[in-house]
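Engineer: According to our numbering, the residues represented by the sequence shown are 1 to 612, in order.
These are computed hints drawn from the structure, not numbers from a lab.
Cβ coordinates follow ideal geometry from the N, Cα and C atoms, glycine included.
Take these hints with a grain of salt, some might be off.
What the hints assert, rightly or not - Using C-beta positions, here's what the derived DEER-type ranges look like:
no. : residue 1 : residue 2 : range
1   : E569      : E515      : 42 to 52 Å
2   : D319      : E515      : 56 to 66 Å
3   : E116      : V12       : 41 to 51 Å
4   : S522      : D416      : 17 to 27 Å
5   : D255      : K497      : 31 to 41 Å
6   : A238      : S307      : 20 to 30 Å
7   : G460      : L62       : 54 to 64 Å
8   : S522      : E339      : 51 to 61 Å
9   : S386      : K497      : 35 to 45 Å
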Amino acid sequence: MTKNAIGIITKVFFNKIVIEVPNPSDIVHNFQGELYILNGLNDFVIINKDGASKYVYQIIGLYEQEKTLFEEEQSKFSEKAFFEAVPVGEIVFNKFEYGLATFPVIGEEVYLANNEEIETILMSADDDISIILGKLTTHNVMPKINLDSILTNHSCILGNTGSGKSTTVRTFLNEIANLKDHSNLDISKANFIIFDVHGEYTDLPSEMTTVVKVKDISIDLNDLVTEDWMNLLQPSTAAQRPILLNGLKLANIIDSDDESILWIKAYCALELFNNQSTDAVAKRAKIKGLLENIDSQEIEECLNHYSPQYGNFKPEYYDEKFRKEIKSYIEKSTGCKYEDCHAYLVSCLEDAECKVNSLNDLKLALDIVLLLEEAKGNNQIRTFCSTLMTRLDNLIATFSNNLFSEDFTKKAELEDALQCEKTFTILDCSFIDDDVLLFFTSHILRRIFQNQYDEKMLTGQISKVYNLIFDEAHKYISESEKDSIVNYTKMFEVVAKEGRKFGTFLMLSSQRPSELSKTVISQCNNFILHRIRNNIDLEQMKKSIPYLNDAQINRLSYLKTGVALLVGESFSIPMEIKIDGEQYSEISKTYLPSQLWKREESVEPAPVEIVT
């Protein structure tokens, strides 16, 4: 071997080589004034290919093995060190290229990578448009990450609780914020939207950040599409889904002022009146609401005798008169007898949109749809839909005055937030539970993606790029159950597949990769992986992340807090770094019982001088 070679190749495979090191004590050496030190696992070694090219490998294993001294004495052995290393790429004309097309052969000499070669491997990003997240665990080198690359790919930040992933997200965002003084960049044009589930990202520079509490904004129900309603109410496929769809369409008809469909309101009012199980007083209010725009003096006269206290007609003959007048009005409007109107109504529902003005309108419409089903003999339908109605009642009770308020100021607050006037827009979602979180995140994502799509279709280009960061993503971007027909993460999957063309990119932060949507995670190109110990999560990552080898998967279980493995298209090679974010870790620190349980030291009172 030449003077500074540490060993020779004894085995070659597509996925690794084995290096024999005859003199382990000579690994640390000085050559031409440069000190070479082996840093152990994850260190880099070089094999010369030709005058202009070098193979780059990364060490994944170190071990000793006895070797018989056949040349001297059959009874003696010597200790030999062996390294295992995996292929990383090539240095060609002082430029690093990831991956190998050819491989070294047995007997070739292996060298430790020097500082210049390590910098060539890691420092491929343009200094002018790059950020730094931390320092290599094996070398005093801080790799630069190309800004254009990391922000034009979908990314995942994964790690168990306490492993440092939230600190990594904060470090990443603050590195973006630090570009505000860059001479060639206007960082105010960046559009970051952070869905903050635990209130962990409110420490970003205030002059660059808009913080919006979800409880202080309101979503216009007219902006909801069918998929939004499915995510919001999560109906079962068999019975509840068709009832909900018909309820949405009927609510849209009921809310309309079109005179041609007033007969539908009259028909629904009579069906509601005929239902004996409905609360009498509430039934009267609903019936009067349905009939208020119908121009009929006879019907109005009957309503004047509709008792507000008991919910019936006084005198009783107005009861029959009311039924007769409603049927007459329907026949004049449609040319159909009351008994034949149900089929006609079904055809009208087919053409209606799923639009609703208020949750109470939807509840009324669902009640009527259930009545129509019961009129056909489906006596169990109300029981089958009880959970759907319970969820709707819960939404009305919980969100009527906040998330779905009619307050125009709150609606304007959301519209202003989505303009992204500042670099970071933080949506504080700590107010809402996981089911509504699924609806809220997918709704906001759909609106942004739709706006980008419309602009691209209209002008042929886009003027903005959006990066959306989803905290605790496993809670709502989750894999659908095997027997589930409804895909609640459809919007996320659409953007994961098509978002690049329309300038919409996802960054997911999660502690349970096994629960994330497999479709979404398969479309991510960059991964920042912290410590993960759950075997199910590790197995899923092995299947979903093509950039990982077995050694790296095994390594994830032993990463220190704050250390991350970076793999993907935005990183020149897989690299293990210590995230430089200690100043951002205080927010998500773990509170120690040994500190919280400490006794308060008793302070003895100062002696009081008694004056006599």
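Engineer: Taking the hints in turn, state whether each one holds.
Structural biologist: Hints and how they fare:
The hinted range of 42 to 52 Å is not satisfied by E569 and E515, whose Cβ atoms lie roughly 24 Å apart. Distance hint for D319 and E515: a CB-CB separation of about 57 Å, consistent with the stated range 56 to 66 Å. Between E116 and V12 the CB atoms are about 26 Å apart, so this pair departs from the stated range of 41 to 51 Å. Remark: the range hint 17 to 27 Å for S522 to D416 is contradicted by a beta-carbon distance near 35 Å.
The given range of 31 to 41 Å is respected by D255 and K497, whose C-beta atoms sit roughly 35 Å from each other. A C-beta distance of roughly 40 Å is found between A238 and S307, which places it outside the suggested range of 20 to 30 Å. Against the hinted window of 54 to 64 Å, the Cβ-Cβ separation of G460 and L62 comes to about 56 Å, which satisfies the hint. Under the hint 51 to 61 Å, the C-beta atoms of S522 and E339, about 55 Å apart, fit the expected range.
At roughly 37 Å, the beta carbons of S386 and K497 sit within the given window of 35 to 45 Å.
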